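Q: Here the sequence shown stands for residues 5 to 170, numbered as in the numbering used here.
Calculated from the structure, these hints are not laboratory results. One or more hints might be untrue.
Said to hold, decoys possible - In silico DSS-like cross-links for lysine-lysine, where the CA-CA straight-line distance does not exceed 27 Å: (1) K41 with K51; (2) K126 with K41; (3) K169 with K155; (4) K51 with K31; (5) K39 with K89.
What the hints assert, rightly or not - Cβ-Cβ distance ranges computed for the label pairs, FRET-style: (6) K169 with K76: 29 to 35 Å; (7) Q87 with G38: 20 to 26 Å; (8) Q35 with N71: 21 to 27 Å; (9) E96 with N152: 18 to 24 Å; (10) T53 with K31: 18 to 24 Å; (11) N152 with P19: 34 to 40 Å; (12) L121 with N72: 31 to 37 Å; (13) G160 with N10: 40 to 46 Å; (14) P29 with Q141: 42 to 48 Å.
Bear in mind the structure is a predicted one, so any value in this text is a computation, not a measurement. For glycine and all other residues, C-beta sits at the position ideal for the given N, C-alpha and C.
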Amino acid sequence: MHPLINYRACINKLPHLPGHYMEVPAKVIEQLGGKFKVRVLCTINDKLTFQGGLVALGGGSGYISINNKRLKQLGLQRGDEVQVKLEPDESEFGMETPEELAEIFSQDDEAKRRFDLLPPGKQRYILYYVAGVKNSQLRIDRALLLINNLKRLPIGKESFRELLKK
Numbered sequence: 005m006h007p008l009i010n011y012r013a014c015i016n017k018l019p020h021l022p023g024h025y026m027e028v029p030a031k032v033i034e035q036l037g038g039k040f041k042v043r044v045l046c047t048i049n050d051k052l053t054f055q056g057g058l059v060a061l062g063g064g065s066g067y068i069s070i071n072n073k074r075l076k077q078l079g080l081q082r083g084d085e086v087q088v089k090l091e092p093d094e095s096e097f098g099m100e101t102p103e104e105l106a107e108i109f110s111q112d113d114e115a116k117r118r119f120d121l122l123p124p125g126k127q128r129y130i131l132y133y134v135a136g137v138k139n140s141q142l143r144i145d146r147a148l149l150l151i152n153n154l155k156r157l158p159i160g161k162e163s164f165r166e167l168l169k170k
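Working from the sequences, and respecting the hints, build out all of it.
A: Structure (structure tokens):
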């Protein structure tokens, strides 16, 4: 992937998704190696950078989701044109590890080993779910729930539903 790719895009909405997205034209997809499932750092209007992934849209183009919170931070809405900068996301998981989860991993080798065996999408799901609340105690509770369930499940049978069982 090239170190930095710049282009302009409009904020759009897919009918079957709750959030919004920015199209990534086919020529940009080619610059990114012609593949989807690529993790990127996406900067909008030189104001906000976030981690995201490319999803196929059709006709060789793709999209990157942008949630309502980010749109509000940027003062944007559907139909607005934005300047997009993409660069490789070289972080280990495509998002930060919440400190509560990192602490569990530092104290529980089996938890870390089982987490490392998961596919990247399930790893990101766990990170996203734990980080998805502001309250530290709730992040601890979520991390413990997911990791305890992960450790009891057979390897390869770690469904999202089973990970969330209380």
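Q: Of the hints given before, which are not true for this structure?
A: When the structure is compared with the hints, none of them turns out to be violated.
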